[in-house]
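Protein chains in written order, with the working numbering: chain W, 1 to 191; chain B, 1001 to 1069.
As a list, the in silico DSBU-like pairs of lysine-lysine whose alpha-carbon atoms are at most 30 Å apart:
1. B:LYS1029 with W:LYS166
2. W:LYS151 with B:LYS1029
3. W:LYS126 with B:LYS1009
4. W:LYS126 with B:LYS1005
These are computed hints drawn from the structure, not numbers from a lab.
In this text the structure is predicted, and so the values were computed from the model without any measurement.
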Amino acid sequence: MVSIAEKLVNATVGVAGLGGLGSVVAECLLRSGIGKLIIADFDAVDKSNLNRQRYFADQVGKLKVEAAKENLLRINPKAVIESYNQKITAENAPRIFAEATVVAECLDEAEQKQMLVETILTKTDKAVVSASGIAGFGDSNSIETRRMSDKLIVCGDFESGIDNNKIVTAGRVGIVACHQANAIVELIVYP
Amino acid sequence: MAVLKINGKEKDFDGSLPATLSELLIELKVDAATVVAEVDGEIIEREKFGSFSLKEGQSIELVRFVPGG
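Chain W with its partners taken away, still in its complex shape (with noise of 0.2 Å):
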């Protein structure tokens, strides 16, 4: 029997977005003993970011894969970390994330979670696990994890956008985070 520890350790997973979600998705998912990641973003570490994501003041004006690469090493130096410093589309995500079984879709604009979650789920035989409603602060117990078919399982609250002039706190969106990472633990242990 393959034990859990194994399969964690065999599995691949794909990280969509190095934000407020995917810097955090991508440090439980490593700390949870997931063997490989394939992480992808086109952007900077600014120091706005500070607040919610997973940099370190001396990293302000990295590009984010590079500096999440650094972190996840320094946490466990066995891990393989293959990272894309491009932005996704419906064309590049089938390409970038062919290996992964699971996409941790952590991107930022609605109609962008849209086309990745579209396009892994028409395009590739993958689970995608989204996050939408992630905004505010405080109503913890208003996040959930919802299981919305075979390969989509969407994460967050369902309303809180960061349009409607909403702060977003690390607190908040690391809940939905750290749903994510849970909810693709489980995925890879019982698929």
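Fit chain B to the given chain W structure using the hints.
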């Protein structure tokens, strides 16, 4: 009767079913660019919303994304 099951709940359209997925989203005041739609277990790509005809009794799951990440 013109009933669709939307996200698990039956919705009666009073005899006039929206003709397509696009029309349904307009009626529900939901921006199609932020929605992943599944009809009877099959994902319908966004570019096909306008040509995807709806039929009485279909089960539709609409996943709406709000920004933030």
